[in-house]
Amino acid sequence: MAEEQSSAPTRASAGAPASGVIHIRTRHADNFTVLSNRLAQRAGSAVTVGVAAYILSLPDGASIRIDALCAHFKEGRGRISAALNELEAEGWLERRVERGPGGRIVTRTFVYDAPGRTADGDIPPPGPARPTPDEGPRAEPHAEHQDGRPAPEADPRATAVLASLRHRDVRLVLSERETAALAPAVAEWLDRGVGPYEIAETLTAGLPAHITRRPARLLAYRLAALRPPARVPEAAAQPVVPLQNCDGCDRAFRAPRPGRCRDCRASAVVSGPLAA
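UniProt numbering numbers the first residue of the sequence shown as 1 and each following residue consecutively.
Don't read these hints as lab results, they were simulated from the structure. Ideal Cβ placement from N, Cα and C applies to all residues, glycine included.
Simulated restraints, written as ranges between beta carbons of each label pair: (1) I24 - A230: 51 to 57 Å; (2) V34 - I211: 37 to 43 Å; (3) A266 - D67: 51 to 57 Å; (4) A230 - G61: 38 to 44 Å; (5) T33 - R213: 40 to 46 Å; (6) A209 - D67: 22 to 28 Å; (7) S57 - R104: 26 to 32 Å; (8) T33 - D67: 21 to 27 Å; (9) V170 - D30: 35 to 41 Å.
All chains should be modelled from the sequences, with the hints used to inform the complete structure.
In C-alpha cells:
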C-alpha cells in the first residue's frame, strides 16, 4: 500500500538552527514552478531573478514582450530590458525569427530552465563548428588593413550581439569578415546606452520574407539608419551660493557676497523717496 502523502506544512525539526533561515515547507500538488538553485540563488540583480521566475511560470504562448512585462511588474522599461539582456546573455532566454505557416515571419521565444541546451533539448558541442567542404576555409581571426597593418580587434560585446542574430533568424549568418566590419557600429550602439537585447530585437524585427542580398548589407543599413542619439552628458553641477547675514536685519540669505537681503533692499528703495 502506498504511503499517504500529506500537504500539511512540515514542522521544524528539534535540531533546527538557532539562527538563520528555517524552512517550513509545503508539498505542492499543482500550480507551482520548479526553479533551479542556479537561478534562484543567482547573484546580482533581484529584478533579473524575478523576471526569469515569472517567465518560467507562464504557459506556452504567453507574451513576454517588454510592454507585457512592464504591465505586470512595477519596474520601468529600463530595468526590465536590462534583466532580459542579462537572461539572454547567460542563456536563459533565446529569441529566433523563423518562417511560420504560410511563409509568415514569426518571432519565437525559447526559455530554458537549464541554460546550455538548444531548443531541441540537446547540448551543443563545445567550440566552433568545423567548416563543411562547401563553406571552404575559414578566414583568419585577425584581419588586416589593405596596407598590411593588423586591424583593431573587434569589441567582444559587439561580436556576441552579432553572433546571436543567427539564433533569431537562421538567415543572419555572418562571416568573420562581415562580423568585424559590423562590430564598430554595434559597439557604438552599446556605448550610446542600448542593451544587447534591444539591439538584436531592432536588427531582426520585421525582416522581409525574402532577403535578396547578403544579410550583412541589410544589417549595416539598419545600424546606420536607426542609430540612436548619443548620450547627453550630465549637466555640470551648479555652484552652491553661500549664506550671508543681512547687514540690515541680520537674517540669513543666499548671495555671492555680503550685503542686504531682498526685503531690506526693497525697504530702502521705498523709504528713499518718502524721506526726500
